[in-house]
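K.L.:
The chain contents come next:
Protein chains: 4
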Amino acid sequence: MEKNVGIIAASGYAGGELVRILSQHEKVNLNYITSRKLIGKYFHQIYPNFRNVLDIKFEEFSVKTIKERCDLVFLGVPHGVSQDFVPELLDVGVKVIDLSADFRLKDKEQYKKYYKKEHACPYLLQEAVYGLPELHRKEIKKANLIAVAGCHAASAIYALYPLVREHLIKMDPIIIDSKTGSSGSGATFNEATHHPIRANSIRPYAMTGHRHTAEIEQELMAVKKESSASNQIVKVGFSAHGVNLVRGILSTSHVFFDEKNPIEEKQIFKVYRTAFKNEPFLRLITQKTGIFRLPDPKTIIGTNYADVGFQLDDHMNRIVVLCALDNLVKGAAGNAIQCMNLACGFPEDTGLTFTGLFPI
Amino acid sequence: MEKNVGIIAASGYAGGELVRILSQHEKVNLNYITSRKLIGKYFHQIYPNFRNVLDIKFEEFSVKTIKERCDLVFLGVPHGVSQDFVPELLDVGVKVIDLSADFRLKDKEQYKKYYKKEHACPYLLQEAVYGLPELHRKEIKKANLIAVAGCHAASAIYALYPLVREHLIKMDPIIIDSKTGSSGSGATFNEATHHPIRANSIRPYAMTGHRHTAEIEQELMAVKKESSASNQIVKVGFSAHGVNLVRGILSTSHVFFDEKNPIEEKQIFKVYRTAFKNEPFLRLITQKTGIFRLPDPKTIIGTNYADVGFQLDDHMNRIVVLCALDNLVKGAAGNAIQCMNLACGFPEDTGLTFTGLFPI
Amino acid sequence: MEKNVGIIAASGYAGGELVRILSQHEKVNLNYITSRKLIGKYFHQIYPNFRNVLDIKFEEFSVKTIKERCDLVFLGVPHGVSQDFVPELLDVGVKVIDLSADFRLKDKEQYKKYYKKEHACPYLLQEAVYGLPELHRKEIKKANLIAVAGCHAASAIYALYPLVREHLIKMDPIIIDSKTGSSGSGATFNEATHHPIRANSIRPYAMTGHRHTAEIEQELMAVKKESSASNQIVKVGFSAHGVNLVRGILSTSHVFFDEKNPIEEKQIFKVYRTAFKNEPFLRLITQKTGIFRLPDPKTIIGTNYADVGFQLDDHMNRIVVLCALDNLVKGAAGNAIQCMNLACGFPEDTGLTFTGLFPI
Amino acid sequence: MEKNVGIIAASGYAGGELVRILSQHEKVNLNYITSRKLIGKYFHQIYPNFRNVLDIKFEEFSVKTIKERCDLVFLGVPHGVSQDFVPELLDVGVKVIDLSADFRLKDKEQYKKYYKKEHACPYLLQEAVYGLPELHRKEIKKANLIAVAGCHAASAIYALYPLVREHLIKMDPIIIDSKTGSSGSGATFNEATHHPIRANSIRPYAMTGHRHTAEIEQELMAVKKESSASNQIVKVGFSAHGVNLVRGILSTSHVFFDEKNPIEEKQIFKVYRTAFKNEPFLRLITQKTGIFRLPDPKTIIGTNYADVGFQLDDHMNRIVVLCALDNLVKGAAGNAIQCMNLACGFPEDTGLTFTGLFPI
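Protein sequence lines correspond, in order, to chains L, V, G and H. FYI, our numbering numbers position 275 of the first sequence as 275, with every residue one higher than the one before it. FYI, our numbering numbers position 151 of the second sequence as 511, with every residue one higher than the one before it. FYI, our numbering numbers position 319 of the third sequence as 1039, with every residue one higher than the one before it. FYI, our numbering numbers position 152 of the fourth sequence as 1232, with every residue one higher than the one before it.
In short, the hints are calculated from the structure, not lab data. A quick note: this is a predicted structure, and the numbers were derived from the prediction, not measured. Idealized CB from N, CA, C, for every residue including glycine. A few of these clues could be false.
Stretch by stretch, here's where chain G covers chain L in the computed footprint (C-beta under 8 Å, at least three residues) [to be verified]: (1) 177-187; (2) 190-204.
If you want a taste of the chain H side facing chain G, the calculated C-beta under 8 Å gives, among others [stated by the list, open to error]: (3) Leu1170; (4) Arg1327; (5) Gly1382.
Start from the sequences and build out the full structure, keeping to the hints where you can.
P.N.:
Take a look at the structure:
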């Protein structure tokens, strides 16, 4: 049965992608989008690709309206905002899929450490499900509150969870060196995003302390715990760079195996193939020939795919794992809709089968 | 009823887009793709976005196979090649949609002038229909041989045909200054397309003598003739530049009205609105506010839209008309499939409703 | 003898280029730079390429300080501002080189028409010399107030003045279709210059009414008048597009000759060769072979060159003339310094011999 | 006294930069450039920025000519080629500065391992000096054969040598994640460098086994040994990605300190400041405010600077060190000329003081 859905704060880039996909999703009726600053304006005034295509207007945010019109809402609000009204939304009985970071972390202390404030409703942190379909499919199906994974975090977790689950790598150190396009910093402009300043740069913008670090650690720790009954604390060294693109993330994870337990390439292949076998949107890309032997964001822009590939470095007992995804799709709106599909009982890939454009 | 279709020379960029769209087109079964150099290889070995998605392989070209398997074939061969086997294909009863320039020009002398060779089957030039759905919808529906418009030509014709039809502009001079991404020069690499050489350039690559000049003149002359019974020879000054993009064309047409018959903006609006009223893929983009007031290829990449906009320049009795389109979609594969939809009796927009990604 | 120079409003992009060139100019001592917002900050805090290289600080604007310290000042203020204090500067005896548009137009009515305000000191308009060294070398040598040409205007005038002077073309219509990088819109950021919005676009931002239109007309008219004693009013159709680059302009001029007086290519070659023979920074780039047969901004970034090339279009009695230059150098700071060199009696190319980087 | 210099194989991108800098170098006379394929052509036919500027022609390679005309030659030949004629060049008494990798490695077994062939003159490997002025200034001054450092290697070594020398970090693991523009793959084009394929990519092209790994290890080991009398084998995990640029490298090194010996930020500052104090081209870029707080290739294109910056990650005892340089200048031609200046007794920065363009 068709669901009525809304998007709170639909003007940002993740919101724009939600509208794009939901407006053509055969199982839902998108009937409510909000934006504080754009009330009364058409969506296509901000997203020019929708001119002549979609006539929906931005409205004011109202829990009452949500109650009346929506079975499920997506939240595109900034970090720190959704916690103020999610309890109310849950009370009126709508499912909530939050694209902000507010409900991603299970531990309120970690939240405080990384987001520099007390969480407004820490009692919901355990109830919320981390919105990464591949790791939490079962819980997502039953969830009322889903906190969609951060873009860098999704990329790093997809790269590493199969290796962690199968105990192929040492948990220390784990280095994740991530590269992202400019849309990752959102629709709000500033001096640093001015085209003459941002273009042609390789900008090391968050070498340490990036907030996605906490998500990655939480999820890898959970995978480790589940598969080994170990309570090992996992720490990752995560660093993020801006590159000369609008869309796309490539994360390069440098991880190590114990030299006493050397690994063969075919073992790694097997681990990933097994992990991704039933995953509709994770692809193992590791070829010996061709131009695109390893993942490259160029090939997945606009799609819900996360491409993962690896190379074994016998020289220093290292595995290099790459993951490419579109930060606005698999890193945000696409994963959110995949979660919705699960939570609503729709086929998991509904609305998400766009295959990308090549070359672009 | 579903049609079986094939693509001859599917490895080029227009061929790649044909595969992308046709493989997800609900009314056709794509069951044959050829490439001389790639026989036995999977399509996704060349188009990495199709890994895990599509398992079709390149086969050898064979009229016999076409006869057995296809109701309709698209030709992605280089200019000068399709004329050698189109007669045979028509003989075996398949419809042919040719993306090369071989059958675009009605006049074999013009063909010879611009393509520097005698046409191999000039008797087919009148039978062939110029593949621009908006101008030749009726003929395309009945055609067996369709010659899809060139990318720059489509852009220029969309910009100008409403003004020509309504006699709003002088036919001399007509200046078309076109800008295109690097995919326009095709999948074959050379020194000039080497990334360090081609990137960051504004390359004036065909200031005069561009082959699309002949198509533009032919079609504008036909529009003029139809609406005025005049036999006026039309000449256009067409110039093409490569800009720092992979996809997209923006053409800027500079045309003039008679100062004795001054024009008002609202007249021009009316002419375009009337012309595009029932066109599923032509949009008039002329706004007084916003960032994207006029067409910009950025907003239509991957789509089958051609966006047209104008500004009136009272200063010198000029109208500047812009047309943005994706050279590989509305400038090639998309128009080809729109033609197929017409020729096969499918809804005209089948398979062509992708709305584009923003920002990109 | 060395001159002391200052830059008023040195924080903008043209100001930054002035500092770059002047700080290494062997004949001047740059001892004063101002910026309202950056008083007390080092120049290298804004222009990171100057870290460890230059220790000059932004100071407050003061006519008194200028009088004490400077023989000559460059003005990098916005349009409409310099007219408020230029008279005072001239009174204290410094030479003024204004990069804004305030003193470019000779006719106060034209100023009012294009800049939408009354000029504050119209009596200076005749005294001011238009800062295009190639056309006004003699006056610049004696000038106290020089108004450096606009970037698009310089490009268009360089392309066309030899043809106008030699009466090779009709004065109506003259179409100039210009393409520019994002630095042309200056250091002030806004929604439209946000990298995700501005990148990958071909943005038709000023199809009609661009302010440089008036400069181009004024200068071409003057050239025409000088060589023919004609008082013909000249109107040009100028249109400007933003392309996917930071620096560089390519203008494409479409001009016509009388079909009764057909032109040969060698005549045009001769006209340009003669015109540019003694010009240190104008190059005729029109080759039959090679990748860069015609001007391309890629090859001149950072330099003071303006490259001009042409193609003759017999098809419609058209000459297409291209001019590539760096909008911040030959289109602003470089021309300003070339003017200074003339006005101060230095060798004309002092400080301006950087040859550019290739590939870039 | 002025030296006569030549460039063997000057057509490649490093060769082009050599010509650019040497042709304006006040202490040398560039009087011989060779290229097998371009004999008789002007340099400016390949490097269009030199049109009207430089009239030197490519000649045939001849040891006799070198002997007659040159005091010193630069070799821009591919890897594996210079070893075939360097002995002969040394015999005729010219100094040789080789930009290929042939003489970088001291250990012929390492050479064989990484370059897959026996070295033709292993007896010269010890005599050759590794061309990194900051580490080998003394030897370079006396050297007859200098092997200029690889571009990625230079970037990584500049980032790490101060930390290694002062024993601030553990030698295992050392991870270097490098990002480079497309000019790094040279002037030879292929399918993978075709603009539509290479543009907009983040291409992980050498995750393991990159040849520069050996250089980095050799040099860091030497630094370690010199400062600690240790013979510790050093292994680094080096990975290289292509990003959407023509020029520039940013390397991100992830290194670790012993948690028993925690480090403070000010110690690291001190180590770098001390190391770079007298270095004309190494800058420490680590700021708390501003847009360019850490190195970014955008700010150094065309210059001989290597900018190094760091962030301390207490979270996991990590130091992230960044180094930005222009792969064709400080990563090739610039370092080569800095070596020449040392070897010829010229001021070390002669010809190398270009400060870069901003914004670009």
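K.L.:
Hints first: check each against the structure and report whether it holds.
P.N.:
Hint check:
A count of 4 residues in the region 177-187 of chain L with a Cβ less than 8 Å from any Cβ of chain G is obtained; the coverage claim is therefore met, three being the minimum. Against chain G, the region 190-204 of chain L contributes 10 residues with a C-beta closer than 8 Å to a partner C-beta. That satisfies the three-residue criterion, and the hint holds. Violation of the interface hint for Leu1170 (chain H) is found here, the shortest Cβ-Cβ separation to chain G being roughly 32 Å, above the 8 Å cut-off. Interface restraint check for Arg1327 (chain H): the shortest CB-CB distance to chain G comes to about 6 Å, inside 8 Å, so the restraint holds.
Annotation: interface hint on Gly1382 (chain H) holds; nearest CB of chain G at approximately 5 Å, less than 8 Å.
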